[in-house]
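Assemble chain D onto chain C, guided by the hints.
2 protein chains.
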Amino acid sequence: MKAIQHYYPEEYKQCFGCGTRNEHGHHIESYWDGDIVVAHFTPKPFHTAFPGVVYGGLLASLVDCHAIGSAAAFATRAEGREMGSEPKLRYVTGRLEVNYRAPTPMGEVLELRATEVEISERKVIVDVTVSAAGKVTVEGRAIAVKIDQVGM
Amino acid sequence: MKAIQHYYPEEYKQCFGCGTRNEHGHHIESYWDGDIVVAHFTPKPFHTAFPGVVYGGLLASLVDCHAIGSAAAFATRAEGREMGSEPKLRYVTGRLEVNYRAPTPMGEVLELRATEVEISERKVIVDVTVSAAGKVTVEGRAIAVKIDQVGM
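Going line by line, the protein sequences match chains C and D.
Taking the working numbering, the leading residue of the first sequence gets 80, the next gets one more, and so forth.
Taking the working numbering, the leading residue of the second sequence gets 80, the next gets one more, and so forth.
Hints in this document: simulated from the structure, not taken from any laboratory.
Check the hints yourself; a few may be wrong.
Think about it this way: if two alpha-carbon atoms lie no more than 20 Å apart in a straight line, the pair counts; the simulated DMTMM-like pairs of lysine to aspartate or glutamate are [as the list claims (entries may be wrong)]:
1. C/123 <-> D/102
2. D/81 <-> D/112
3. D/202 <-> D/158
4. D/202 <-> C/176
5. D/123 <-> C/102
6. D/123 <-> C/90
7. C/202 <-> D/176
8. C/123 <-> D/90
9. C/167 <-> C/227
10. C/167 <-> C/200
Here chain C stands alone, though its shape is the one from the complex:
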C-alpha cells in the first residue's frame, strides 16, 4: 500500500513534515485503515522536552502533517475517487489546535489516528489523536484549506 503523501505532487516533496526528498525531515507516511487514516512515528532521542517526555512541538507537527495528508484522502474519497486520480486535491493548514492530555513517553512508536469531521468545498476538518503504548496523550484538530491547482 502506498502512503498518501507519496501521491503528492512534485512541489510537496521538499516538505519538512512529509517530503520524501527532505533529508532532515520527518518523512511522515499516512495510510488508510478502514474509515480512518493512520500513521506511525518513532521520535528520535533528541526529540525530547524533559527527560523521558516527547517534545510538544514535534507532536504538534505530527498532528498537523498527518491531518493535512488525511484531509486530501478524505476529500478525494468524498468525491468517490481514488488517491492519485486527477485532479489531485491539496490542502494547507488554516488552523491547528493541540490539546496535550498527558506526557507522551519517549521510546514508544507513536500512533496517529485521523478521523473526518467535516468536508466542505474549501475546507476539511480533521481530528487526530496521538497515542503511545495504547494511551491517547494528545488530541488535535486541523482545519485544512484547499489550495488551487498549480503545476505538477
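Chain D alone, transformed into the frame defined by chain C:
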C-alpha cells in the same frame, strides 16, 4: 541581557525547543522587550513546506516554545519578582492554537511577540504573533499549565 530560557533549571536543558544542550534543537531564546517578550528565529533552508514557504510545524513549535518561556516570565513578573529568583516557575503546554494567516516566507528573520492574556494560580494564557518582514503571518495562543517544583 539573559534569555528567559537560560534561567530554566537543569532538566530543561535537553529540550528540543529551547535546550542549550540539545545539539539538534531550535535553541529558542526569548527576551523581555518592555511589557512583552520577543524572540527571533531564522528557519534553516530545510525548514520548508512548499518552495519559499516555512514549514507550519516549525511555526507551531516556535509559538509553543516562545509562549511557554513567556508564561514563566509573565508569572514571575506578576509575583513582583525577577527571573532567576526562587521559586522558579515552570510551565508545560496544556493547549496550543495556531492560526496560519498567510504563508511565512523563507529567508527572513522571524519575529515572535508574546503578550500576557491571563494569569491564574495554575495557568497562564499567552498570545503570540509570528511576523516576517514586518507582516504578521501566524497568530497563536498557548495555555501554559504550571508544574510542580522538581529537583534542580
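Here's how the hints hold up against the structure:
1. For the proposed pair residue 123 of chain C and residue 102 of chain D, the alpha carbon gap of about 13 Å is at most 20 Å, so the pair holds.
2. Between residue 81 of chain D and residue 112 of chain D the alpha-carbon distance is near 12 Å, which keeps this suggested pair within the 20 Å criterion.
3. Between residue 202 of chain D and residue 158 of chain D the CA atoms are separated by roughly 14 Å; this keeps the pair inside 20 Å, and the hint holds.
4. Of the pairs offered as hints, the one joining residue 202 of chain D and residue 176 of chain C holds, with about 18 Å between alpha carbons and a cut-off of 20 Å not exceeded.
5. For the hint linking residue 123 of chain D to residue 102 of chain C, the alpha-carbon distance of about 13 Å falls within 20 Å, and the restraint holds.
6. Simply put, residue 123 of chain D and residue 90 of chain C have alpha-carbon atoms about 18 Å apart, close enough for the 20 Å limit, and the pair holds.
7. Restraint check: the Cα-Cα separation between residue 202 of chain C and residue 176 of chain D comes to about 18 Å, which is no more than 20 Å; the hinted pair holds.
8. A distance of roughly 18 Å separates the Cα atoms of residue 123 of chain C and residue 90 of chain D; the hinted pair therefore holds under the 20 Å criterion.
9. The straight-line distance between the Cα atoms of residue 167 of chain C and residue 227 of chain C is roughly 10 Å, inside the 20 Å bound, and the hint therefore holds.
10. Distance hint between residue 167 of chain C and residue 200 of chain C is fulfilled; the C-alpha atoms sit about 14 Å from each other, no more than 20 Å.
When held up to the earlier numbered hints, the structure conflicts with none and fits them all.
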